[in-house]
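FYI, the numbering for the sequence shown is -26 to -1, 1 to 310, going by mature numbering (1 follows the signal peptide of the UniProt record, and there is no 0).
Check before you lean on any hint, since a few could be wrong.
[Unchecked claim] In silico BS3-like cross-links for lysine-lysine, where the CA-CA straight-line distance does not exceed 25 Å:
(1) LYS257 with LYS208
(2) LYS207 with LYS112
(3) LYS292 with LYS65
(4) LYS158 with LYS257
(5) LYS208 with LYS158
(6) LYS207 with LYS65
(7) LYS158 with LYS207
(8) LYS292 with LYS257
Hints are computed from structural coordinates only; laboratory data are not their basis.
All values derive from a computational prediction rather than experimental measurement.
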Amino acid sequence: MHVNGRACTALLFLSLTLLLPGSAQQKGQYLPGQFGLNAGVMPEPGVSYANISVNYFAEQLKDANGDVTASTGSYNLWAVENLFFYKPDKKLLGGNWVLLAIAPTAANGSVTEENLGLQAGGFGIADIFIQPLTLSWKLPRADVWVGDGFVAPTGRYSPGASDNIGSGYWGNQVLSGTTAYLTKNKGTSASLFTDWEVHGSKVTSDRFQETPGQTFTMEWGLGQVLPLDKQLKKLMQVGMVGYDQWQTSSNSGVLASGVPARTVPYYSAHALGLQANFIVPAKNVIFYFKFEPEYRALARVEGRTFAFGGSYTFRIPKPEMSLHSTAGSGASSANQ
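The task is simple: from the sequences and hints, build the whole structure.
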């Protein structure tokens, strides 16, 4: 690219920033920071409930080169998710089928529109996520699952409104989770979660529509289980976690301002942090806490993710406990 070409690109990004004050990008529908340790572990057969409370806070808007822009204000998003799992004790292709629904989710702002200094003014109901197709396998030294789910735009959305909660468009997500056990007793583990998003179109104004570009998210964790008593009735799991999210295809359509959506730079975000889980295997209970500050972001806000929650599984049938299964067990909210 010639020097004047680079200058035009810089001016274009600056003009977009002025047209959309405090907003870095039309993001995907998945909020990173929900997976980490035990990302490949699905609940045991039965019905499971998990709660995830996620807070994302940012005060800086980065440009396409990762430099801080002149935008001021803060973006403070809270999302409280309720997850329901159903896993029958039946085999399919050597594994287990799992049904997942995330609803209702309460949020005080939009996951897809990161607006500095713009608050929705209260909590509302966000979009619904359904994952009807998931297959999970328990291998001798790994837990693995793959799935496909969709986002239904049921949350509050109106083009140009300052109090949007929903995304305003349908989305499809192809997901996977893997946890590899590095020791024979499954106490030390490495995990990887992936999510590939494809998006439908949204109305941006009376005249225009936009289709956000595809998004790929990767979350990982490296953890160690520490017994809190000799009987292994209470366990602590600690480890390092992180996430990386990239826009992988260009936007299409037209922004509300009339600017072609494809001119908006691709965004990305990268974070590194810690996670701690408290596990009571006999009670099928897990509580967890995560903190992940972002160390780099392009064409979007840069901040930190804080998440906490827990899960409970109603086992069907009721299991027989063993020391071998204890160290690696846990419903998927420990992943979150």
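Query raised in the report: Quick one, are LYS292 and LYS257 close enough, alpha carbons at most 25 Å?
Result: At roughly 11 Å apart (the allowed maximum being 25 Å), LYS257 and LYS292 satisfy the hint.
Query - Proposed proximity, LYS208 with LYS257 (alpha carbon, max 25 Å) - result: holds (10 Å)
Query raised in the report: Quick one, are LYS292 and LYS65 close enough, alpha carbons at most 25 Å?
Result: Roughly 17 Å separates the two Cα atoms, so the pair holds.
Query raised in the report: Does the structure keep LYS207 and LYS65 at a Cα separation of 25 Å or less?
Result: This hinted pair is violated, its Cα atoms lying about 29 Å apart.
Query raised in the report: Does LYS207 pair with LYS112 here, judged by a C-alpha cut-off of 25 Å?
Result: holds (22 Å)
**Report entry** Given pair status - LYS207, LYS158, alpha carbons within 25 Å
**Finding:** holds (19 Å)
Query raised in the report: Given the proposed pairing of LYS208 with LYS158, does the C-alpha separation stay at or below 25 Å?
Result: Between LYS208 and LYS158 the Cα gap is close to 20 Å, so the pair holds against 25 Å.
Query raised in the report: Within a Cα-Cα threshold of 25 Å, do LYS158 and LYS257 meet the stated pairing?
Result: holds (24 Å)
Going down the numbered hints, you'll see the structure goes against just number 6.
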